[in-house]
Each structure stands twice: as structure tokens, then as C-alpha cells.
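J.: Residue numbers (the numbering used here), protein chains in the order written: chain A, 784 to 1091; chain B, 784 to 1091.
Be aware that a few hints might be false.
Because identical chains share one entry, a pair is satisfied inside a single copy or across any pair of copies.
[As the list claims (entries may be wrong)] When the alpha-carbon atoms are kept at most 27 Å apart in a straight line, the in silico BS3-like pairs for lysine-lysine are as follows:
1. Lys889 <-> Lys976
2. Lys1057 <-> Lys1021
3. Lys867 <-> Lys889
4. Lys976 <-> Lys1021
5. Lys889 <-> Lys983
6. Lys1057 <-> Lys818
7. Lys983 <-> Lys938
8. Lys1021 <-> Lys983
9. Lys818 <-> Lys1021
10. Lys938 <-> Lys1021
11. Lys1021 <-> Lys889
No lab work stands behind these hints, which were simulated from the structure alone.
There are 2 protein chains.
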Amino acid sequence: MRIGWIGTGVMGRSMAGHLLDAGHELFLHTRTRSKAEELLARGAQWANDPAAAADRAEVVFSMVSLPADVEAVHLGRRGTLEAKAPPGVIVDMSTAPPALSRRLAKRAAELGIGAVDAPVSGGDVGARNATLSIMVGGSDDDVATVHPLLERLGKTIVHQGASGSGQHCKIVNQILVAAATISMSEALAYAQKAGLDPQKMLESVGGGAAGSWTIQHLAPRVLRGDFEPGFLVEHLVKDLGIAAEGAAGMELDLPGLALAKRLYEELAAAGHGKRGTQAMALRYLTTVPPPAPAVAEQKDSPPPSISS
Amino acid sequence: MRIGWIGTGVMGRSMAGHLLDAGHELFLHTRTRSKAEELLARGAQWANDPAAAADRAEVVFSMVSLPADVEAVHLGRRGTLEAKAPPGVIVDMSTAPPALSRRLAKRAAELGIGAVDAPVSGGDVGARNATLSIMVGGSDDDVATVHPLLERLGKTIVHQGASGSGQHCKIVNQILVAAATISMSEALAYAQKAGLDPQKMLESVGGGAAGSWTIQHLAPRVLRGDFEPGFLVEHLVKDLGIAAEGAAGMELDLPGLALAKRLYEELAAAGHGKRGTQAMALRYLTTVPPPAPAVAEQKDSPPPSISS
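All chains, please: the whole structure from these sequences, using the hints.
T.: Written out as C-alpha cells, the structure reads:
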């Protein structure tokens, strides 16, 4: 199939690569062309803007960072909807407000183009191993068209409902993820102060009712002093903003979400925006060395000692 | 072995039964004798008070509700430490403040008796199936003495350190459990308001970075309208009180714990103390019918409809 792909960040790059590996013809655009070089070397073709990528494609994917980027890529000047030969379906896999996904779908429908929102969970590892959970919103027909392609990118693919439903489900996901990372951090901090061996503590709590993906995968990273991003703090801040706005719009009082949003905003404001979400532990732990200002600079710094 | 057992509530009853099944001689005391009848019929022998149970035993276990009960059972008049023939080791499996466990161990040591704190996680199901996670504090010798008995009661048995360490680890466990149940409730509430199908939502989030024991085991109970206790709200309120006191004593600011404590206290104050911790969802969901005041009375009430 002829596929347009916009956005080759950490995740987008791996995902586009899977489609290339599956034998599809890829028309690629991204803001910083150097980030596309590897895929171009593997056979993808360069497109000068989103409209040019869409012009030659049956399906166009986008995987970009911010809602403003989603808007520019599809609805902006030389966006996908300005393609001379419109694609059949556009699939936005970024995390964006449900209202934006619905607006995009409406405008696309006016041009006879289908639109699917398909945000993901699973981070860089999930993108690399094609084990993402993909939360899909859109019409049955449009979803059926792109489903075989989504199967190349993820392992859990669930059609949540009409346009915007994928984004709503992603918000639910982020509410859970943020709370889990905060409680993990509080657990590690309590254990540290109480003089517990953190490994033994994790062994006890991980196998029971307190067990979670976060305890299994992120807590060990903290204990290794690894704050590299699987998922960026600043992206979670953006997502929690979307979540809080969505909750407020539905007159829903979610105090846990409100707390998570405040704590992650404070973490980003303290200079940790480019770290992984597990960096929340830095707020709580006392014996971690002061982290370097940027992720790249701390690669060789010694791991923090938080064992007793 | 000759074993004393104090406390035959929902969990204690199952646990004592496993020791009886393993062929041990059981001397049993509990506040309400009727709750011991089944075990007495299976061969356990009645003791009129904790001292009498301890008198004839090599190891004495306690599994009671409140710190005041732990204190009365061991340190009170006719408590285990007043046994004429002192037992070798006492094992308190209740959840209690670490300071109380240390005080008990100190007083026991003065009498030449060992003491182990061994609180558990895993609820009624874990007690019944002997799959509990048991968090153990005490000296190496005392823990070695009782380890073969603990193996009859649980599957994950980790020696956390000196007296009180088991209780500290249990606090960590409860910090995680409370946060997970609150975020699960907020997730279900958001999904409900957004018109998502809760089953599909759980399928999407459960398989990824938002996955947890709580999402897997408690969320489906909420969707069935099942608020029966695996673990009582009022016991979690007690545990979060111990946790908050412990954190404050260590000058640790845990805003997530503080929020969880407030929300669970409000839930208990609203009359839900005898329900399971998943009843937190009742705070958030709008289309659940007003719950009956007591658990027993709601057995036949219709399940709440929270699907879209």
C-alpha cells in the first residue's frame, strides 16, 4: 500500500520502520529531515510537506508531539487535507484532545476523507517491538481499512468507538500511568526513610495486590539511577493538561488527576521535562545526587544510591 | 508442632486452617467463640484467653484487626506474654504500627521470647489459597524458626529486616494499593462520562503501561456492582492512618498518601466502611444506585450500570 507518514521522533521512527519492513511504499515527512535519514536509506521517499506525503498515499499517518502539531500537519497550510489527490484515510496516532480529533474528522469528511484517532501506550519499547496498545476511534469502515496496518505496530488494538474515543481512552490510560508513577515514588521514598532494602520491598509488594507494570518496569530503573525517557515528563504534562481539561469539561472532579498534574508540572518546572516519567522519584528521594540539567549530560554520571 | 492462634476473622480462620491441615496441634482463642467453631470441629482446641493459648504452644500467632487488639492480645492482662510456660516465638500477622511491633519484640525479649512481625497482602482470596505475600520482620533465628509455618500460609515470603520491618513494608504496600484503587475509580469515572465502553477501556489500558493487579481484579468487580470486601475500607483507613503517622514521624511529605487517606476517610464516613476497597468507585460514578447501608443487605440489589 502507498502510505504517508508524518513525524519521525523516537516512537514514530520505529513505527514507520515496521510498515516499511512489511513491504509498504512510504512517503515521509518530518520537521527535522535528519531524523528521517535512516528510513530514507531503507527505501522511504521524502515528501516536502504533509500535503505532498498525502498526495501520493492511500493512508496517511501522523505521530507528532503537540496538539498544535497535529493541527498544523492536517488542517494547516500544506497540511494533509490540502493534498491535490486526497488520501482515503488519515490516522493520527499522536495524543491530542478528543475535540481536535473530532474536528479533524469532520473537516476530513467534508472532503470525502476518512479519519481515525489511534493514540498508543507502551513507550519507546512498545514502538520498537510492535507491542503497543493502540486505542482506536473512528467509523467502522475507516477502522477496518487501517486495521491491518495497525496490526504491524501493536499487539492490543481495540476499537473504542466514534472519532475521539481513542483519545478519550488514552486520557484514561494517562490518568492511571501518572498515579502509578507517583505512588511508586512515594513507596520508594517511604522504604528509603524506613531503612528497607528497596529490592526486597519490591519483591514483597510486586507479587501481590500492589503489583503493577510501573512497579515491575519503572521502579527498577529508579533503583539503577536510570531516568532516561521511555516516556517524557513534558509529554505527560501535556497529556495531563488534556485530561484535566476534558474532566473539567464534563464537570468531573478527579482529585487524583489534579494532584498528578500539579506534581508533574512542578517536576517539569524543576528542569526534568526531558527525563522519563520515573523521574518523579527525584522529587521524593533524598540520597539521589542532584541530576544533571539535560539527559544527554548524565549518561556517565554514577547511579544514585537509594538502597539502605 | 504445638501452635497457639489468636483471631479467627475472615483471614485468620483460613490461615489457622492451613496449619491444622498440615498436622499441627492448634490452641485457639478468639473474641467471639462462634467464629472458632468450625476449626474446633476440625480438631483445634479451645483456649480461654491468649495466655492459655500461649501456655501450651511453641509458637503463637495473632491475626487481629486493630493495633489496640494486638496490644491487648500480647501485652495485656492474660496476654500471651503472661503465659506460665512461655512460647518460643510470637508471630503477629496483623497490620500494626512498626513502633508497636518493636515494643512488643523488646518486651518479649526480656522474657526470653522471640517476636516476629509478619503482616500480609493478598486479601481473603490469598488467605484461602495460601498465596499471601508475607512481609517479615525479626531476628534471623526467630524468622528461621517460623519460616516453615509461614510457607503454609503464603507464596511470597520475604524477610525485610529487624523487628518492625515487616510492618514498614506493609505500609509501603498500602500506599500503593490505596493509590491504585483511587486511580482505577477516576479511570472508570472518566470513561463513563466520556461514553466509553468500560470493558473495552479496561482491555486497552490493562495490557499496557497502565496495567495493574487493581485494574485486573478490582475494576471488573466494580463493573459487576460487586462491592463485597476482599479488604475492608475501614481497615484501609486504619492502615493509611498508620502510614501517614509513620511518614510524618520520618518528616516525609507524601501528598499522594495524604489524598488517599482523606478520600478513604470520607468514604468510611459516608457509610462504606464495611465494603471492599473498590467501593471508592462509588464516590466517582454517577449511575450506580445508592448503595445499601450494610454489605449484607445489598447482596440482592441489582448491579450498577456503568457501561455506556
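J.: Against the structure shown, which of the earlier numbered hints fail to hold, in ascending order?
T.: none
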